[in-house]
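> Protein chains in written order, with my numbering: chain U, 1 to 726; chain H, 1001 to 1167.
Since the hints were derived computationally from the structure, they do not count as laboratory data.
Incorrect hints may appear among the rest.
Computed list of lysine-lysine pairs in BS3-like fashion (alpha-carbon distance at most 30 Å, straight line) [claimed, not checked]: (1) U:Lys-417 x U:Lys-358; (2) U:Lys-348 x U:Lys-323; (3) U:Lys-344 x U:Lys-417; (4) U:Lys-352 x H:Lys-1119; (5) U:Lys-539 x H:Lys-1119; (6) U:Lys-557 x U:Lys-539; (7) U:Lys-569 x U:Lys-498; (8) U:Lys-498 x U:Lys-323; (9) U:Lys-647 x U:Lys-677; (10) U:Lys-557 x U:Lys-601; (11) H:Lys-1119 x U:Lys-557; (12) H:Lys-1119 x U:Lys-533.
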Amino acid sequence: MTDTKKPRRGAKDGKRRRKGSKREPLRFRPAARLQYLLSEQLVSDPNVAILEFIKNAYDADATEVSIEFDLADDLDQSSLVISDNGSGMDRDSFERNWMHPGFSGKIDAPPTSLSRIPVGEKGLGRLAAGRLGETLDVYSRMRASSPWFHAFFRWEDFNDKDKLLDEIPISWEEVDAPPVDAPKTGTVIQIKGLSLKWDSRPPGRRPKGRAVTRIGRLRQDLEVLLLPLTAGGQDFAIHLLHNSPLPEDAQGLAIDAESAAEEAEGAPGERAGSAPSSGSAKAAGPAQAPAEEAAGPEAGTVEPPKFELLDYEYGFQVKRRGKGWRVIRTVRRSPEVAEQTGEKTESKSELKSSELPKDLDLAACGPFSGSLYYAPGSTQSFKALRVPTGVRIYRDGVRVDPYGEPGDDWLGANERKAVRQGHAAIQPNALYGAVAITREDNPQLKPLANREGFIGNAALDAFFALSRQEFQEFGDVIERELIIPRWEKNEARKRSEKAISSRQWAVVMTRATAHAVRQPVTSAGADLRSLRKAIDDGKGIPKPLRKRLRDLEENTKRHLERIDGAVGKMLGFLDVDPDPKEVELSALVEEVIARVKPDAKSCGVALRHEATDADPIRLRTPAGLIEHALEELLENAIQAPRPEGRKAWVEVRVRGGDKIRIDVADNGGGIDEKLRKKLFKQNVSRTGRIGVGLLINRQLMQIAQGDIELSSTSPEGSVFTLVFPS
Amino acid sequence: MSAPITLLVEDDEGVVASYRRTFEADGIEIDVAETWNEALGLFRVAGHRLVIADYNLPGDDHGLRLLVEMKLLVPSTRLILISGALSRPAEELAQKVTLIDDFHPKTSSLPDTLVDQAKAAIEWAAEETDWQKVGEEYLTPADVVDSALEEIDDALRADVAQRQSRG
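Only chain H is shown next, with the shape it has when bound in the complex (with noise of 0.2 Å):
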């Protein structure tokens, strides 16, 4: 078994322990962190392949936001962004925001989607790395600020917005 390419963020005890249990059952080793700071620790040190990440996060800050600091260290990095509570607007408002590569309601269905997504990541992962496209496609610091932060905080403020005006 290799090292985990793949971060579980969740908080859940319940939810870690069933995912762990489905991703080992399918030979897939994570990383399980429970909080916004030790994810981020976490990933610091592994730079994982994978993040899934849930919306409503303990720690410093929003689970969307960590997986744009996590863009900010590791462009090539695929995040995943799950949810018990959000609402469609909110869930097309968090799929809006480009940096995220999924989100997906946490359904029963979810586990089979998010395994297909680790297994696919540990394929990539054995790839040879094609450095023009990481070039063609990595994302400076300045990009990520300039324009993926921006648009999260804006999405984040519409969705504000839209609840305050609706009720």
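Here chain U stands alone, though its shape is the one from the complex (with noise of 0.2 Å):
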């Protein structure tokens, strides 16, 4: 049987189409709400809003841009202007280009006739208009000749949810002129029934290092749009005007009270109104802006911060060699940093491939670089600089936000200082800087259309990681070269403290014990005196026992002489010296010779002085505790035992060279060498006897970063020395 059935209309391969489809595709047809809902919701922060048109400006080769608020109580009446100079717009191109959302004739467009890389390249900027006012009125042309192309928005009527995009009517018309102030060129955006007060105080609590007000805020973002030294963006100026009546300290247009008191005592100075920057970051002194700011509605050039160096910059430039990558690193000091550290006012260092993490691929990422400029306790410089505190990312020298802004930790700054408890080399509060990248090196790089951030992917990952690569470094150069140098020196000052408190400690116990021992050794004087008296006019003591007597008597005198003797000597160790001072080498030795000349010729020692140098040998050293050393070793030396009939002497040798030294030569008969293994061991002085000895004494020299050697022993005679560092 054959089917005779024909196939149904519109199934021409005989499959079933259910009734009413047609054989076109798929299309989308957004809604009207979907304009307003973007322009509502897409964007949190309204001073995007406002960004976007300035960068639309920008991309328009403007070179003037004035942003003037006309606030009032009643937010209806309140409005806002932003016109530019730039190149304009007709009807075809507003239409093309501004009536097609998601169109931009920016991407991959090649950079403009003043250089720029046009940046509004997502065609959705316009849409957050509807975030600052009711209604939208824009005024264009391209030529002087041409009448201005006035369009009209009113968001509201947006709010349809029976309506399609397209279903919404855009009035416009040709004007003669805007009715507010124009360029003769250019683009003027009119905004009404502002939705914002912007001269209030947003709720929530304030950002550490944000303004007060709207307005400070937007101020404030203005003055970091644009990258300092940028190409293009130098001969680009922003005013930003208001009629706020409110005083300059409750218009917070200071970053914080501090400064606005800063500002407040400001001379009046020039009031900038219309005067375009040169576009190099003129120098914004307390004086000068806050002036500006004074003067309200006339008011005027919003000035980049001005990127200098204040103690340090770090610059990295993460680069494509060959195959590989390589991270060349330039740390600047100033001058006053470069003293104090010792280091060079600059340097420069490299780190290859081989020493990059391997998991990061850059390869997507691209080349990039960055300037970091830290100024340990200088945040009142920062201020005076109106330099706001952060790391910010530009793309072709215009801001990506919000990194960098208070609350934004990108660069990890907050992090790394949380983790330390508040000890990280770098305070978050001292630390400024941009990263460059740019669209051309970097394509995988973009930013998301809500202007909130760059769109995650694996190139985002490596310019992360390797930024902060780059921050640890720099975080590393300062711990290096300021914290722990301050560290050191605080440990110093502490060990130095508590050597002092030590030494108090120990003259005042010193000086106890030689009383303690003293008072019953004169007495004990006294009495042996008595006793030789007693015995001497003894009558009838055996004339065997009078000689016992006086010899027992004479004894226990010289054993008292000894305790004198060293009760003197610990006397003496208070007198001593340990600070540094410069010497003169050979008089140092001069004085002490003259000190034990008297013991040398009542030992019927001969004492020479030679100094090898024929110039004399300073150094600075804690010559107290050198002078001490060499007296012993001359005593020592004095005492040693000598050979029947050898004339004795004693030679002190200065020699120079890389090591300081001063020898102390005798002839005596030598060191054995059972003694020789304890003499630096244990408390015993040449002779063997225990005393205060060579090991005090190689410690004295030791605390003056030198030492003591017994250089060579004989028969014949030995040879001390101590050993300075030139």
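Dock chain to chain to rebuild the complex, using the hints, since each chain is given by itself in its own frame.
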């Protein structure tokens, strides 16, 4: 049986189609509310909406853009005018660009005639205008001879769930002039019925470093919109004007109350008005900027921050070299820091591919560079320069939100501080800087349409990881050059204080001990004298006993004299000055020789002093310790046992060179091997008696960064040497 | 045995006993005071020719200042300062004070020295007074106050400052 039934219409392939289906593919038909939702809910920060218009002006090669708020108590009566002297639009270009959401002729567009890389490449910024007010009037013209094109938007019209986006008519006309002051050519945006009170304080806790009012925060955002010295950005002046009747500090144009007070003291400066910035960052000292603010509606030019070296600048460049990558690092230091740290004012280093993290997709990320500025303890300097702290990211010279804003910690500065319990090398409130990327070099680093960061991908991971690595390296530099030396200095100070208190304690205890010993010693001396008298006067004492008693009296006297000597030496230690001072070594030796000369004379020892270097040797050393050690060596050398008949001498020789040496040579009988081993280990003198000994003197010399050596010993004599670093 | 012309100012009983014995063994009678105030009281009565005072004394003031007070009362008195604990710079400072005739650390040989000094004082006391010489050497209280006291103050301050600067 043959099926003679004809296929149903519309089903060429024999498949059934549902009733009512068409051949045409499905298409999006955006509702009018899409515009309403995008403008109301896409952008959280109203500043972003204004910045989008400023970026459009930048892309249009404007050299001046003016933002003027006409603020009234009634928001319906408040308005905002943003005008620029850029290339402007006619009806056709307006329709092509503005009336096609998501369309942008700037995608992959070449640099403008002012060498600017267009930044408004998403074609969405204009949608954010609904965030700012109820209506939008756009006036634009490309030639001074043309009439102004005027289009009018009422955003409420889009809040209609039954209409499609293209069903909302946008009225337009040609007019002779906009109703507000306008440049000869360019674009004027007028927003009426503002949705926010711009001279009020936004709700919630004010982020640290942020101005008090919305308008103050807008100024801050405008200041950092463009990377200073960006190609083409130098001839881009932004004027922020307002008519707020509030006093300046209440406007919150200053970053905080402290700088408001500083600014209030500033002398009236120039009224910037419409004077364009030459582009290169003008000095924005505390006297000038507030005067501009204080001038109210005529106030004006937004000054970009001065990126200048305060204490440290850390620059890094991530570069492709052959198949690999390099990070070239440059650390610049202010002359003051260079002097303080002993480092050069500029030093460079390089990180090779093999030293870079292996898991980073640098090829996806592309090359980039950054400059970080740090001035520890100089937040006041930052304020004076009106530099907002934070490290921002600039794409083709224009800032990418929200990186570097207060509260954003993309570089991990706050995290590092928190992890180290506030003791991070770099304090975030004294850090600022910029990391620069470009559309060409870093195509995969794309900002989100809502201007709230980059799109997450492997390129972003590599970019963040490498930037954080460089920040960490900068922190290591600061730690190495500033923090550790300061810590060591504090430690040294603590050690010194401890030593001083120990020394004071030692002085008191030594004196007390000396006193406690000397009282009975002098009493014993008196009693011994009485005993001698008694022996001399005693009648009836047998002669042998009298002799025996006299011998004992003499022995006791000698013992007491030894105690006298030991106590005198103990007190002598208190007189040793351990503080370093500049000394001429031969003079020091002469002084010590003079001190021991009487002893040498009484022992029949000839003393000689010889300086082997023609030039006097000077050094900075704790001379008191050296003198003490030398005196001890000389006394030992004088008292060294000598063979019968040998004419005794002691010679002191001073030698320079890589190390400075003072030899004390004697012609004693030498030191036997058994004693030699104990010389610097136990409190023995070279004669083997228990005493203060070489051990203590060696310790004294070590305090003076030197040492004592037994250079030679033989039956012909010995040489002990004091050694110092030259 | 004549009336004591030597005053020992010392608060250590052991030292006093031993010294007294050794002085007496040589036939020398001494007065002994244990405190600053007692010493000054005795000196006011007896006007000793030789005063041997410890540096550290219980009482109102320093041994060194006690000697100055005595010098004010009897300028011709010979003054000896003794100490068990002074360091060498402090000894040197004490010796620089011209009102002090001598300074000695308390060593085992000190009694020999003191006995000799006491004997010399006795001999000097027995001599006929050379009033002309006394007149020439006599210090007025003003001299003492203006020069000696300041000198001692300077010396003591310098000693303290030196100790502080060194530690």
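> For every hint, state whether the structure bears it out.
Here is how each hint holds up against the structure:
At roughly 27 Å between alpha-carbon atoms, U:Lys-417 and U:Lys-358 fall within 30 Å of each other, so this suggested pair holds. Distance check on the hinted pair: U:Lys-348 and U:Lys-323 sit about 23 Å apart at the alpha-carbon level, within 30 Å; holds. For the hint pairing U:Lys-344 with U:Lys-417, the CA-to-CA distance comes to about 28 Å; that is within 30 Å, so the pair holds. Distance restraint check for U:Lys-352 and H:Lys-1119: the Cα-Cα separation of roughly 93 Å exceeds the 30 Å cut-off, and the hinted pair is therefore not satisfied.
In summary, the hint linking U:Lys-539 to H:Lys-1119 is supported, as the alpha carbons are separated by about 25 Å, within the 30 Å threshold. Between U:Lys-557 and U:Lys-539 the alpha-carbon distance is near 23 Å, which keeps this suggested pair within the 30 Å criterion. The hinted pair formed by U:Lys-569 and U:Lys-498 meets the criterion: a straight-line CA distance of about 24 Å does not exceed 30 Å. Distance hint between U:Lys-498 and U:Lys-323 is unfulfilled; the C-alpha atoms sit about 58 Å from each other, more than 30 Å.
With a C-alpha separation of about 28 Å, the suggested pairing of U:Lys-647 with U:Lys-677 holds against the 30 Å cut-off. Simply put, U:Lys-557 and U:Lys-601 have alpha-carbon atoms about 23 Å apart, close enough for the 30 Å limit, and the pair holds. Straight-line distance between C-alpha atoms of H:Lys-1119 and U:Lys-557 comes to about 22 Å, which keeps the hinted pair within the 30 Å bound. The straight-line distance between the Cα atoms of H:Lys-1119 and U:Lys-533 is roughly 16 Å, inside the 30 Å bound, and the hint therefore holds.
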